[in-house]
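Asks: These protein sequences, in sequence, are chains A and B. For the record, in the first sequence the residue sitting at position 20 is 20 according to this note's numbering, with numbers rising by one throughout. Add 154 to a position in the second sequence, counting from 1, and you land on the number used in this note's numbering.
Please keep in mind that the hints were generated in silico from the structure rather than gathered at the bench. The reader is advised that the hints may include incorrect statements.
Said to hold, decoys possible - Some chain B residues judged to face chain A by a derived CB distance under 10 angstroms, without partners named:
| hint | residue |
| --- | --- |
| 1 | Glu176 |
| 2 | Met177 |
| 3 | Leu178 |
| 4 | Asp179 |
| 5 | Asn194 |
| 6 | Ser195 |
| 7 | Ala196 |
| 8 | Asn197 |
| 9 | Leu198 |
| 10 | Ile203 |
| 11 | Phe215 |
| 12 | Ala218 |
C-beta: ideal position from N, C-alpha, C; glycine also.
The chain contents come next:
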Amino acid sequence: MYNDILTYLPYKSSFLFIDNISALDMNGVTGDYTLRKDAFFYEDHFVNNPVTPGVIITEIMAQIGLVVLGIHLIISGNRKAGVTMDGGSFPLLTATDVSFFKMVLPGEKVIVTSKKQYFRFGKLKCLIEMHNGAAELVAKGIFSGIIKNAVIKK
Amino acid sequence: MDRKTIFTELKKVLAPYTENKEMLDGISEETDLIRDLKINSANLVDIIIDAESQYNIEIDFDSAEKMYKVGSCIDVIIDKMNQSA
Numbered sequence: 001m002y003n004d005i006l007t008y009l010p011y012k013s014s015f016l017f018i019d020n021i022s023a024l025d026m027n028g029v030t031g032d033y034t035l036r037k038d039a040f041f042y043e044d045h046f047v048n049n050p051v052t053p054g055v056i057i058t059e060i061m062a063q064i065g066l067v068v069l070g071i072h073l074i075i076s077g078n079r080k081a082g083v084t085m086d087g088g089s090f091p092l093l094t095a096t097d098v099s100f101f102k103m104v105l106p107g108e109k110v111i112v113t114s115k116k117q118y119f120r121f122g123k124l125k126c127l128i129e130m131h132n133g134a135a136e137l138v139a140k141g142i143f144s145g146i147i148k149n150a151v152i153k154k
Numbered sequence: 155m156d157r158k159t160i161f162t163e164l165k166k167v168l169a170p171y172t173e174n175k176e177m178l179d180g181i182s183e184e185t186d187l188i189r190d191l192k193i194n195s196a197n198l199v200d201i202i203i204d205a206e207s208q209y210n211i212e213i214d215f216d217s218a219e220k221m222y223k224v225g226s227c228i229d230v231i232i233d234k235m236n237q238s239a
């Protein structure tokens with residue numbers, strides 16, 4: 001329903017970790033991703049025992065919770081933030097503090113929900129949670145990021 | 155509120171974002187937040203937000219751009235406090 005926003009994302013194939021955006025407004029976002037059984041990291045992490053790496057869990061949370069919401073806030077013309085995007089802009093993670101509660105195995109679907117704490121001077125800070133298909137908490141944390149090379153509106 | 159009081163309070167605001175805590179004891183108004191205190195540039199936004207709530211002021215984009223040294227932070231805080239007084 002809100003998947004139009006995905007066309008703005010600068011990721012491709014093996015590093016795009018969003019399937020659907022089911023809710024999106026100025027204060028938060030919800031989206032999901034199903035881990036591909038043939039994803040490049042399972043063969044090596046771990047040998048004969050594939051488990052989704054924590055960095056990939058973190059990346060899924062950041063892409064849905066921070067990047068999608070950040071792009072939405074910027075293209076919706078949030079004047080207070082004073083920034084906009086062009087072809088040379090891309091998102092950068094500036095800080096994360098995540099706790100992990102459950103493993104995610106190949107083929108599992110995860111749901112990410114993000115609540116905005118603030119969006120000021122081009123920096124977005126959110127509280128982001130990930131749940132699995134059984135509605136169990138997988139990971140939770142505080143994420144912040146900026147859009148690099150964002151165009152500053154004066 | 156005088157500059158000295160704000161200077162002392164600003165040290166407490168900067169502490170959680172400063173990598174090298176010992177550096178804080180020796181700061182002056184000329185201390186550069188990013189270069190000298192090694193503060194992550196994205197955390198300058200958090201410092202601005204903390205200063206806003208501490209002094210009940212609102213810092214706009216143009217003022218925020220000036221806040222890269224301890225002294226210029228104090229200038230902006232005093233300026234905004236006078237505006238809202």
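Asks: Now, for every hint given, state plainly whether the structure supports it.
Replies: Verification of the hints:
{"no.": "1", "hint": "Glu176", "result": "violated (22 angstroms)"}
{"no.": "2", "hint": "Met177", "result": "violated (20 angstroms)"}
{"no.": "3", "hint": "Leu178", "result": "violated (20 angstroms)"}
{"no.": "4", "hint": "Asp179", "result": "violated (25 angstroms)"}
{"no.": "5", "hint": "Asn194", "result": "holds (6 angstroms)"}
{"no.": "6", "hint": "Ser195", "result": "holds (8 angstroms)"}
{"no.": "7", "hint": "Ala196", "result": "holds (4 angstroms)"}
{"no.": "8", "hint": "Asn197", "result": "holds (8 angstroms)"}
{"no.": "9", "hint": "Leu198", "result": "holds (8 angstroms)"}
{"no.": "10", "hint": "Ile203", "result": "holds (6 angstroms)"}
{"no.": "11", "hint": "Phe215", "result": "holds (5 angstroms)"}
{"no.": "12", "hint": "Ala218", "result": "holds (6 angstroms)"}
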